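These protein sequence lines are chains A and B, in that order. Per the numbering used here, residue 501 is the first one in the first sequence, and the count goes up by one each step. Per the numbering used here, residue 411 is the first one in the second sequence, and the count goes up by one each step.
Treat the hints with care, since some could be wrong.
Stated by the list, open to error - Cross-link-like lysine-lysine pairs, in silico, DSSO-like; alpha carbons within 27 Å at most:
id : chain 1 : residue 1 : chain 2 : residue 2
1  : A       : Lys-594   : B       : Lys-432
2  : A       : Lys-594   : B       : Lys-746
3  : A       : Lys-594   : B       : Lys-865
4  : A       : Lys-587   : B       : Lys-432
5  : A       : Lys-594   : B       : Lys-750
6  : B       : Lys-706   : B       : Lys-873
Stated by the list, open to error - Residues from chain B that keep clear of chain A, each with C-beta distances beyond 12 Å, as calculated:
id : residue
7  : Leu-558
8  : Ala-588
9  : Gly-625
10 : Arg-679
11 : Phe-681
12 : Ala-710
13 : Glu-813
14 : Ser-817
15 : Pro-818
16 : Thr-832
17 : Ala-874
Said to hold, decoys possible - A short, non-exhaustive set of chain B residues, derived as facing chain A with CB atoms under 7 Å:
id : residue
18 : Leu-431
19 : Thr-489
20 : Ala-519
These are calculated hints, taken from the structure and not from any lab test. Quick caveat: nothing in here was measured; it's all calculated off a predicted structure. C-beta: ideal position from N, C-alpha, C; glycine also.
Spelled out, the chains give:
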Amino acid sequence: MSGAIDPTVVNLTVFVLAIFVGYHVVWGVTPALHTPLMSVTNAISSVIMVGAILAAGPRDIDAGSVIGAVAVGLVAINTFGGFLVTKRMLEMFKKKEPKGGGKG
Amino acid sequence: MTANQLALWYLAASVLFILALKGLSHPESARRGNLFGMVGMAIAVLVTLATTQRVELILVAILIGGAIGAVVARRVEMTQMPELVAAMHSLVGMAAVLIAIAVVNNPAAFGLPDPIPTGNKLELFIGTFVGAITFSGSVIAFGKLAGLGKKFRLFSSAPVVFKGQHLLNLAIGLAMIAFGVIFFMASREAQWPPFIVMTALAFVLGVLIIIPIGGADMPVVISMLNSYSGWAAAGIGFSLNNPMLIIAGSLVGSSGAILSYIMCRAMNRSFFSVILGGFGGAEGAVAAGTEQKTVKSGSAEDVAFLLANAESVIIIPGYGLAVARAQHAVKEMAQKLIAKGVNVRYAIHPVAGRMPGHMNVLLAEAEVPYDQVFEMEDINSEFGTTDIAFVLGANDVVNPLAEEKGSPIYGMPILEAHKARTVLVNKRSMAAGYAGLDNPLFYMDRTMMVFGDAKKVVEDIVKAIE
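With the rest of the complex left out, here is chain A:
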């Protein structure tokens, strides 16, 4: 056996391990919070923005960087929308004051 490890093999290793982590973490999520789970995973998948930023990054602006900038804008809707709507939902799950408290 010789030679360097192909990046694809490294990627595959990360991929498989991440699926295991995801599997165990997600089964631990309480069913009452499945909707926030979905909106927060949505926000997290917008980390794809990293790719869009690279596409929009080069100094010379060409078709590719315009497409990249558009992608950044689209995904940013998701990033902000996803995290903020999750926040809004989770605020609702705050423990209520016994009586008289609540919202003012």
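Using the hints provided, position chain B relative to the given structure of chain A.
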């Protein structure tokens, strides 16, 4: 910043994403979890931004998109969450396709060799078609959920089926893969045509696989598209050799897959039968064999009297309740009963809403304390010792036929409302639920129906409880 430093920041962000999901194991830790997610995302975006040369262009794009997202997040109604989530899935899918186009256009911008190495090309192909299917599928799902079916038949919540549908899908799928292989083999000059054809076919396929799925199966579809959007992100991560994208994508992908599984199990449907579609079209159809059976019906005052004199009440909310916007009235009713010393609890079936966990959010919005809200497994054993089960706008999820061999819904897990000493049911009419089945629960001696709009009925009950 060196490549190693960048990778370490990405590692930190990945850990924060895992912690974000971990936080959701309890409502108390969930807000902190969400904060971890935001910090992780900020790290990921900022360190990437630091490596580029067009910061201002990118910041403008982030600001525009971010502003739209913030406004939407603030304004959206909780009943519209499924539509919002579908719309957001479509954005991730579209972004994956756009990024793939940019990679084919200029691999050097991503630190990839030009021409693109074959391994990355294969992954690019997978990321692109999963992204394209996610996009067009989510657009259709959004249309179905938003009730655009009247304007465009493609968005009809009834399944759109035609002869040879599955064969056509299979043919398109195979053609898509074939063009992917051509793209995979093509030289740098010849790679655009197969790439474009492949992407176009994936867009068409996304539409075709979602249109046959009916309204009742929407919770599965949303979860499935959630999963796809994650795999698309992971695919792009593979092609860019970016472990953070792979980790985040896999987390999302497995989360969506697990939610799909949970939803299928709750409806007693196999994943494949949902995907093949054609179910849930007979919405509102009255099942055969209802002629001779009689139901007992009562007024809101009768219900109020029974509730106020009970020791324990379990409320079973269904989506009908949310449609009537009766959550606040229900919470008011529950409060009055609790003040009278009645033990009031809520029982939630996993498919009570239109997406996983939807009903919990709708109740939380009405400020129902979450410690009064119980999941099916936790409360089913309690019905036998409960005075009153009050079913509001639910039908199939309390249908005892699910326990009878040979019935179409045999095996579907239900809330065992029929075991309570008295069953109260609010419905608008005697129409059957999504499954198109009659519900024996309504005809039991111990059952009293109260017909009418859920909000109106519950408000009348509130007035009558004194």
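Results of checking the hints against the structure:
1. Using a Cα cut-off of 27 Å, the hinted pair Lys-594/A and Lys-432/B holds, with the two alpha carbons roughly 18 Å apart.
2. Between the alpha carbons of Lys-594/A and Lys-746/B the distance comes to roughly 21 Å, so the proposed pair stays at or under 27 Å and holds.
3. Between Lys-594/A and Lys-865/B the CA atoms are separated by roughly 25 Å; this keeps the pair inside 27 Å, and the hint holds.
4. For a cut-off of 27 Å, the pair hint linking Lys-587/A to Lys-432/B stands: about 15 Å separates their Cα positions.
5. For a cut-off of 27 Å, the pair hint linking Lys-594/A to Lys-750/B stands: about 25 Å separates their Cα positions.
6. Among the hinted pairs, Lys-706/B with Lys-873/B is consistent with the structure: their alpha-carbon atoms are about 22 Å apart, no more than 27 Å.
7. Every C-beta of chain A lies more than 12 Å from that of Leu-558/B, the closest at about 20 Å, which supports listing it as non-interface.
8. No beta-carbon of chain A is positioned within 12 Å of the beta-carbon of Ala-588/B; the least distance is around 22 Å.
9. A cut-off of 12 Å between C-beta atoms confirms that Gly-625/B is not in contact with chain A; the least separation is 18 Å.
10. Against the 12 Å criterion, Arg-679/B stays outside the reach of chain A, whose nearest CB is about 18 Å from its own CB.
11. Consistency note on Phe-681/B: stated as away from chain A, and its beta-carbon is indeed over 12 Å from all of that chain's, at 16 Å minimum.
12. Chain A leaves Ala-710/B outside its interface by the beta-carbon criterion, the shortest separation being 26 Å against a cut-off of 12 Å.
13. Every C-beta of chain A lies more than 12 Å from that of Glu-813/B, the closest at about 22 Å, which supports listing it as non-interface.
14. Distance to chain A confirms Ser-817/B as a non-interface residue, since its nearest Cβ pair spans about 26 Å, more than 12 Å.
15. The claim that Pro-818/B is not at the interface with chain A holds, since no C-beta of that chain comes within 12 Å of its own (minimum 26 Å).
16. With a least beta-carbon separation of about 27 Å from chain A, Thr-832/B lies farther than 12 Å from that chain, consistent with its non-interface assignment.
17. With a minimum CB-CB distance of about 23 Å to chain A, Ala-874/B clears the 12 Å threshold, and the non-interface call stands.
18. The interface hint given for Leu-431/B holds, since its Cβ lies 5 Å from the closest Cβ of chain A, which is under the 7 Å cut-off.
19. For the restraint placing Thr-489/B at the interface with chain A, the shortest Cβ-Cβ distance is roughly 11 Å, beyond the 7 Å limit, so the hint is violated.
20. Given the 7 Å rule on beta carbons, the hint for Ala-519/B holds: about 5 Å separates it from the nearest Cβ of chain A.
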